[in-house]
Amino acid sequence: MRLLAAILSIVALLAMAAPGRAADFSFHTIKTLDAMAASLKRAFPLGSDRAALHATFDGAGAKRYKHPDLAGVEKWVYDINLCKFYVWRWNISANFDAAGALTQLFVNGEPVHARGDKPRDVQAIAASNGKQQAIYHGSLPRPEASEGDNVLAFLMFDVDTNSRKASDEFVTGAGPSRADPANLGRMHAYTTELWRSIFDGDRARSIAAYAGECPARS
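At position 117 of the sequence shown the residue is numbered 116 (numbering that gives the first Met the number 0), and the sequence of numbers has no breaks.
The set of hints was computed from the structure by calculation and includes no laboratory data.
List of simulated lysine-lysine pairs, DSS-like, C-alpha gap at most 30 angstroms:
1. K83 to K30
2. K130 to K164
3. K130 to K117
4. K62 to K40
5. K117 to K164
6. K62 to K83
7. K65 to K130
8. K117 to K40
9. K65 to K164
10. K30 to K62
11. K40 to K65
12. K40 to K30
13. K62 to K164
14. K30 to K65
15. K62 to K117
16. K117 to K30
17. K65 to K117
As the structure is a computational prediction, the values presented were derived from the model and not from experiment.
Please model the entire structure based on the sequences and the hints provided.
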């Protein structure tokens, strides 16, 4: 009995320490883009099962979306109000094969795994599809950031203006590199798919309050 109890205790400890479990993950504890990419790379190697990502990100409070026109592509959106200075978005998207195995992860549209699926090449698509194209000025209101950046501006490149598909919309813009109201870090430039980005209009479940201490107002 003692041996069985010891084995069960070890199994329980290993399960608690296993990467990718919902109980171990919080969008609030990771402060930088690089740290999020590194964390996800460790927790979810290529080939990870779709169910493991569902359990982790759904359990952490993110809202899950399926891509409207690309098979096997999903994302999770989680917003944090950084003390009314900025609304930080984590947009974690994933590609899966037909069996539900992970083929790439993206943090705000940027790939995590060097050997995973390559990002879709907007220049190659635009040069080869023969469709009418256009560039638009876009903005995403963030009224919750009442003391800081309450509108995110970006450029959207539509590689097929007649299709109205999310997969035809690409974006160029910039945002902070740190999810910390006391230090937002350097601006980080993005060129990616709009649907995978911080500029996409899909809503999170809610806008979570910052879990740390807000800096004193000057």
